[in-house]
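Heads up: the protein sequence lines correspond to chains A and B, in order.
This note's numbering puts the first residue of the first sequence at 196, with every later residue one more than the last.
This note's numbering puts the first residue of the second sequence at 196, with every later residue one more than the last.
These aren't lab readings, by the way, just hints derived from the structure by calculation.
Just to be clear, a hint being listed does not mean it is correct.
All copies of an identical chain are treated as equivalent in the list; a pair is satisfied when it fits inside any one copy or across any two copies.
Below, computed lysine-lysine pairings styled on DSSO-like, alpha-carbon distance capped at 30 Å [stated by the list, open to error]:
1) Lys253 / Lys267
2) Lys295 / Lys242
3) Lys301 / Lys253
Everything numeric in this text was worked out from a predicted model, so none of it was measured.
Number of protein chains: 2
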Amino acid sequence: MQELSFTTNGKIWLEINNEKVLGPGRVELLERIHSSRSIRQAALQMKMSYKQAWDIIKHINSCFNSPIVLSKRGGKGGGNATITQDGLELVNQFHSLQRKFAIFLKGNVIANNILSKS
Amino acid sequence: MQELSFTTNGKIWLEINNEKVLGPGRVELLERIHSSRSIRQAALQMKMSYKQAWDIIKHINSCFNSPIVLSKRGGKGGGNATITQDGLELVNQFHSLQRKFAIFLKGNVIANNILSKS
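Construct the complete structure from the given sequences, taking the supplied hints into account.
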């Protein structure tokens with residue numbers, strides 16, 4: 196009889212007016228922009244196009260009353276992007292949510308002994 | 196200034212040895228098999244092919260020590276499928292998890308006033 200080991204896994208994200216605004220992928224994008232100070236670099240690292248990254252950023256910024264990402268385009272040495280204090284706060288809060296979710300997942304497993312015996 | 200209303204949303208599923216075994220879609224398939232007593236009907240209702248439904252069922256059954264779906268193929272009036280007691284217990288336990296998850300989501304929202312003021 197095989198050894199069964201059930202785990203509960205999942206994914207969470209933020210919505211505004213039923214529209215997905217921020218999940219783990221977008222948070223990663225924000226963090227990569229924060230460390231590289233470049234939307235182009237962050238997009239490259241995440242194997243997405245510059246346009247895709249820009250569209251995501253425009254969407255995120257449009258969902259908040261103050262910008263999450265500030266960027267200057269072009270110029271010598273290319274553009275420059277920063278995550279605002281509000282953006283960093285948002286990222287931190289999302290991570291805090293993720294930690295609570297991880298605890299939830301660990302604490303809510305289906306008892307496999309009920310299911311593996313008949 | 197637009198009215199912001201953040202919600203936390205998400206999805207959970209069960210894994211065995213890091214492989215997805217059961218999520219909301221598969222639970223729905225099991226429930227539809229249970230009420231129609233037919234894999235073909237359940238597949239139709241969920242707009243999937245009979246083969247897709249069968250592959251899912253074979254996979255689910257292979258993950259447990261006792262079958263979750265029992266089926267007789269063909270014969271007069273087509274085949275006949277039932278969900279075992281273990282299968283019904285599994286479905287119930289998944290719904291119970293989903294209810295706890297819904298409570299988790301409601302209780303874990305990001306305070307939008309922090310983010311909407313700068």
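Right, here's what the structure says about each hint:
Taking CA atoms no more than 30 Å apart as the test, lysine 253 paired with lysine 267 passes inside one copy only; the shortest distance there is 13 Å, against 54 Å between copies. In this assembly of identical chains, the alpha carbons of lysine 295 and lysine 242 lie at most 30 Å apart only when taken from the same copy (29 Å versus 36 Å across copies). Proximity of lysine 301 and lysine 253 under a CA criterion of 30 Å is satisfied inter-copy only: 27 Å between copies versus 35 Å inside one chain copy.
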